[in-house]
Amino acid sequence: MEQTEHKRFSQKFPELGTDPIPVANSVSPEFFAKEKERIFKRSWINVGRAEELRKPGDYIVKKMDMWDTSILLVRGRDGELRAFHNVCQHRGNLLVGDSEKGNCKGFMTCKFHGWVYDDAGKLRDVPDEENFHNLDKATLGLKPIALDTWLGFIFVNLRPEQSLADYLGGYVNEKLNAYPFDRLGTFYTYAPDEAVNWKVLLDAQQEGYHVPSLHKRTLSLSFPKEFVRFRSQDMILHGPHRILSAGSNAGEFVPTPVGAVASKIGANSIDAFAGAAGGDMSAYAEAMHGVFDFNVIFPNFVIGLLYGTYFTYNIWPIAVNRSIWEIRMYYPTAHNASQAFTNEYGKVAFRDGLMEDASVHEATQRGIESGAIENFQFQDEEILCRHGHLTVQRMVNG
Amino acid sequence: MNQVTAIKGRSLPAEFADLDKYLDWALPTERARSRKRLASSMEEIKAFYDDMLARIEPALDYLNGFPLDDMPEPQQNLLNLTLMLAEVANAVELFKTQPGVIDGFDPERFITDHEGGGD
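Top line first, the protein sequences correspond to chains A and B.
No gaps in the numbering here: position 151 of the first sequence is 151 in this note's numbering, and each next residue is one more.
No gaps in the numbering here: position 20 of the second sequence is 20 in this note's numbering, and each next residue is one more.
So here's chain A without its partners, still in its complex pose (with noise of 0.2 Å):
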């Protein structure tokens, strides 16, 4: 597409209009309440990677506001992933709640009255069980939850009405199957807790309009020189899911001194976004639309894909106007100084950039709160936007 050309993805995608977008969703807590019920509980939802836990008794907690529990992931000793509210089955209390992840060893007790559940959670012990009425154990397991894993990311769902695969739909089959998810085992994070609805925080990050503007001193560089207008090289929609990929400035790219020390070693965040990553990137270019895809994962995760690196971001609704941002930024395992090094000169340097990104989501949140703005006035680069919305109100209203 020629990257001047003005209004290429509504004419693209017409059925997702032009006219702006009411604000009112993204302040009001009935309709939260109703994103709870109507989305989250009915969405597969992405809590991890399966690599998180590889041994038998590895568990981990993840506390699910947005399904008003707490889940538990365990790898059962029979190699099997599984999910469960993490709830006993005596009098509810929270079984697992000391740390967020570990090895069980077989067995999780709970500290009220020292019930013992095992792996595959089968409740395998109650102590004094002969004072109880009729106590039938094996129907007092812990509770399951819908798990299923892709490439690698595990999805758990509440109240499942179709497979992860016919929820991915189109992307089952797309090139993202082929990325080498593999050679980026290690992953930093960071989890910023935000007083940001989470349409919001996810606008903020779905559109490349900004980039000229907030992230002119950062990422800026990593896109032509005369860069004032942000041209997305292609958009994609499969149902709720949608991706924006963005084409290549590998050839004027030029690193700072450091960011140069770094590219000489391996790939990072700011040669990758320039798509000017050094050495043999084809696995990665055979599995991409372009140098940099972003995946959205209805209705709450991303998968940003880049050449030797990639990202996810969870976003994790707490209220309608709060949501924790849970980044991972995703890098070969480092076994020497040098890939340490390139390691972490990405990882703070597009940390950075994400922190000016931040720096814009609570002043949002408030000024669409103040009663200042109506709606939301988005162009044709910010349509990602509106697709999230219109999906949305879809999806709640029915």
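Watch out, some of these pointers could steer you wrong.
[Stated by the list, open to error] Pairs of lysine-lysine residues, derived as DSSO-like cross-links and limited to a Cα-Cα distance of at most 27 Å, are as follows:
1. A:K143 <-> B:K36
2. B:K96 <-> A:K264
3. A:K41 <-> A:K63
4. A:K55 <-> A:K101
5. A:K7 <-> A:K216
6. A:K34 <-> A:K55
7. A:K216 <-> B:K21
8. A:K36 <-> A:K63
9. A:K143 <-> A:K36
10. B:K46 <-> A:K264
11. B:K36 <-> A:K216
12. A:K143 <-> A:K101
13. A:K55 <-> A:K111
14. A:K143 <-> A:K105
15. A:K143 <-> A:K63
Bear in mind the hints are in silico, worked out from the structure with no lab data behind them.
Use these hints to put chain B onto chain A, whose structure you have.
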């Protein structure tokens, strides 16, 4: 990489003794390095940046000879200095007039020291 806190030692490897005056900058976690960056003046940051950039490639080549997860203390200090160069790079190269992100989000609310995965 080894995120266990390395005790701030008194030395660097002899070959890099020219960087001894920067031992205060050899910090073991991202949060500590970020705080040091933000608490320093641009003059201090630039002096460290210039001297460290001149030695970064020899330092990494040298350190590649040691196991990353089990470095002796002087080598761990040198490694932490290389990571500190990564931390201050943006201050010198991009923001220029101040150590931290200009108009950025509060780093105390953003930066953690969490690392997961690994193979």
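Broken hints, by number:
1, 6 and 7
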